[in-house]
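A.B. asks: Working from the sequences, and respecting the hints, build out all of it.
Quick note, the sequences are listed as chains S and U, same order. Per the numbering used here, residue 1 is the first one in the first sequence, and the count goes up by one each step. Per the numbering used here, residue 1 is the first one in the second sequence, and the count goes up by one each step.
Just so you know, the hints here were simulated from the structure itself, not pulled from any lab data. No experiment lies behind these values; they were computed from the predicted model shown. We treat Cβ as the ideally placed atom computed from N, Cα and C, and that holds for glycine. Treat the hints with care, since some could be wrong.
Below, simulated DSSO-like cross-link-like pairs (lysine-lysine); rule was C-alpha separation at most 27 Å, straight line [unchecked claim]: (1) K95(U) - K66(S); (2) K95(U) - K74(S); (3) K95(U) - K85(S); (4) K258(U) - K204(U); (5) K200(U) - K91(S); (6) K200(U) - K285(U); (7) K65(S) - K32(S); (8) K65(S) - K92(U); (9) K65(S) - K95(U); (10) K85(S) - K200(U); (11) K91(S) - K108(S); (12) K76(U) - K74(S); (13) K85(S) - K92(U).
Chain S is nowhere near these chain U residues, computed Cβ spacing over 10 Å in every case [stated by the list, open to error]: (14) S31; (15) P62; (16) S63; (17) Q64; (18) D71; (19) V114; (20) T177; (21) Y199; (22) K200; (23) G231; (24) D262; (25) G263; (26) P270; (27) D283; (28) A284; (29) T288.
Pairwise CB distance ranges (calculated) [unchecked claim]: (30) A251(U) - P139(S): 31 to 37 Å; (31) V33(S) - S31(U): 25 to 31 Å; (32) E252(U) - T153(S): 29 to 35 Å; (33) K285(U) - G67(S): 51 to 57 Å; (34) A51(S) - T177(U): 53 to 59 Å; (35) T130(S) - A164(U): 51 to 57 Å; (36) A51(S) - R266(U): 20 to 26 Å.
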Amino acid sequence: MNKKVLPALPLLVAGTFAAPASAATVSVTVPKVNVAEYHKPYVVGWLEPTAGGEARTVFVWYDLKKGGREPGTKWLADLRTWWRKGGRSLKVPADGLSGATRAPGTYKIPIPANLPAGDYVFKVEAARETGGRELVSVPIKLPRGGGSASGKTELGAVTVR
Amino acid sequence: MRYRHAMLAAAAVVIGFSSPATAHRQWLLPSTTTLAGTSEYVTVDAAVSNDLFYADHVPMDPSQIKVWAPDGTEGKIENAATGRYRSTFDVKIDKPGTWVIGTERSGVMGTFKVGAETWRVGGRGRPGPGGPGAMPPRAPGAPQGERPGTMGGPGGGAPMKSVASVAEIPANATDVTLTETYGRNVVFITADAPTANAYKPTGKGLEFQPITQPGALASDEEGQFRFLVDGKPAANVAVTVVPGGKKFREAEDAQELKTGADGVLRVKWPVPGMYWLNASYSDAKPTTPRATERRLTFTTTLEVVAP
Numbered sequence: 001m002n003k004k005v006l007p008a009l010p011l012l013v014a015g016t017f018a019a020p021a022s023a024a025t026v027s028v029t030v031p032k033v034n035v036a037e038y039h040k041p042y043v044v045g046w047l048e049p050t051a052g053g054e055a056r057t058v059f060v061w062y063d064l065k066k067g068g069r070e071p072g073t074k075w076l077a078d079l080r081t082w083w084r085k086g087g088r089s090l091k092v093p094a095d096g097l098s099g100a101t102r103a104p105g106t107y108k109i110p111i112p113a114n115l116p117a118g119d120y121v122f123k124v125e126a127a128r129e130t131g132g133r134e135l136v137s138v139p140i141k142l143p144r145g146g147g148s149a150s151g152k153t154e155l156g157a158v159t160v161r
Numbered sequence: 001m002r003y004r005h006a007m008l009a010a011a012a013v014v015i016g017f018s019s020p021a022t023a024h025r026q027w028l029l030p031s032t033t034t035l036a037g038t039s040e041y042v043t044v045d046a047a048v049s050n051d052l053f054y055a056d057h058v059p060m061d062p063s064q065i066k067v068w069a070p071d072g073t074e075g076k077i078e079n080a081a082t083g084r085y086r087s088t089f090d091v092k093i094d095k096p097g098t099w100v101i102g103t104e105r106s107g108v109m110g111t112f113k114v115g116a117e118t119w120r121v122g123g124r125g126r127p128g129p130g131g132p133g134a135m136p137p138r139a140p141g142a143p144q145g146e147r148p149g150t151m152g153g154p155g156g157g158a159p160m161k162s163v164a165s166v167a168e169i170p171a172n173a174t175d176v177t178l179t180e181t182y183g184r185n186v187v188f189i190t191a192d193a194p195t196a197n198a199y200k201p202t203g204k205g206l207e208f209q210p211i212t213q214p215g216a217l218a219s220d221e222e223g224q225f226r227f228l229v230d231g232k233p234a235a236n237v238a239v240t241v242v243p244g245g246k247k248f249r250e251a252e253d254a255q256e257l258k259t260g261a262d263g264v265l266r267v268k269w270p271v272p273g274m275y276w277l278n279a280s281y282s283d284a285k286p287t288t289p290r291a292t293e294r295r296l297t298f299t300t301t302l303e304v305v306a307p
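C.D. replies: Rendered as structure tokens:
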């Protein structure tokens, strides 16, 4: 799995990122879910060429701190579509890619600028402990050409611009 | 009771082998086939029954189970227990890659005649699908005489005499008909990225070469698996593919398929879930002396996730 990212890319915490005019960003909404036992979801975003080919992970949020008998990495396989499309070969933590799980809110993540131009699908998959799993796909064109789609349960709007 | 008498009468009439009407299937059911990291175990159910994966008949013997780690070395099972209907055991998955867990059995079975009397060689009954050779051990309390292939019920006709092995066939035996059997019933467990060693062909028996990875099957993607016999792609191998959980659907959704000319089985999945796959092949090319036929089987349980 190619983990190359722009050298100046900081690990995002939250909020907007002052991207160069030519780079695309994806904005992902983690919805508020009203349940008694709420856990922040594991969320992953990746790009797949529409014609087929290797997946390129853009971000993955999981429980980084949990170690011991049941490390946080255990549940990365619950992001089952990403896992079988290439996630299982990714070594985490991965600089510029992996981060902690996030509370409900909207987050902007830059899309790597070094991908060949063409048709892609940006996919976001979320899995929540004692909750569900959802996959949202947004067809886009790189370098310019956004799109938007929305989940119903575990993800809100996913917008690329 | 009248029913029991009818059963005994029917059993007494059975002499010699008849085609097995039984569809009893031998299966392994792992808790998962994909794991992230190497900090976990899988737990596996092992049983013989008609419906998948509903244990209502007899358990498999856990002492028959072998474990091969991704590097080919043998591992071990832990916490094995045999219940009335199923056995369970755990396997520690502590190295990344694809593990193979299951049984591998070879044998020779058949019949011969001494005078007018037919004798049996080898296993205690006809091989059920998914497992050649001897029937599993009787669990405590399991009913007698209801196992498929058992000759003569309680109080019925005298059971067929048998010898344990080919070496014991007497010199004056006639009509010696022997079948060589070889079968594997295994599941593939992948921690992190899959490794190819698990499917490396040995050139022996009926072999499974997945094109679509067992740990990466989805119900909206066609499964493709090549079968080899003697190391070469085998056309027209009969393969049965059945999803578990029949009572939660209308139809059984079992498929009877054949491999193509290229030895590849192409299968569409009607529902997501765990599937039992059983491939069988026979021909007249055994390697055991005096055998005239060989019967090869390969059985596995595949996890097909929702897309």
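A.B. asks: K95(U) and K74(S): Cα distance at most 27 Å?
C.D. replies: holds (14 Å)
A.B. asks: Look at the Cβ atoms of A51(S) and T177(U) and judge whether their distance stays inside 53 to 59 Å.
C.D. replies: holds (56 Å)
A.B. asks: Minimum Cβ separation between T288(U) and chain S greater than 10 Å?
C.D. replies: holds (41 Å)
A.B. asks: Using the beta carbons of A51(S) and R266(U), state whether their distance is inside 20 to 26 Å or not.
C.D. replies: Holds: the Cβ-Cβ distance is about 22 Å, inside 20 to 26 Å.
A.B. asks: The hint says 51 to 57 Å between K285(U) and G67(S); measuring C-beta to C-beta, is that right?
C.D. replies: holds (55 Å)
A.B. asks: Between V33(S) and S31(U), does the beta-carbon spacing fit 25 to 31 Å?
C.D. replies: holds (27 Å)
A.B. asks: For the pair supplied as a hint, K65(S) and K32(S), confirm whether the alpha-carbon distance does not exceed 27 Å.
C.D. replies: holds (23 Å)
A.B. asks: Take a quick look at S31(U) and tell me if its Cβ sits farther than 10 Å from every Cβ on chain S, holds or violated.
C.D. replies: holds (12 Å)
A.B. asks: When you check the alpha-carbon spacing of K95(U) and K66(S), does it fall within 27 Å?
C.D. replies: Cα-Cα ~20 Å, so holds.
A.B. asks: Is the nearest CB of chain S more than 10 Å from the CB of S63(U)?
C.D. replies: holds (29 Å)
A.B. asks: Straight-line Cα separation of K65(S) and K92(U) no greater than 27 Å?
C.D. replies: holds (24 Å)
A.B. asks: For Q64(U), which was marked as not at the interface, is the minimum beta-carbon distance to chain S over 10 Å?
C.D. replies: holds (29 Å)
Violation of the numbered hints given earlier is absent; every hint is satisfied by the structure.
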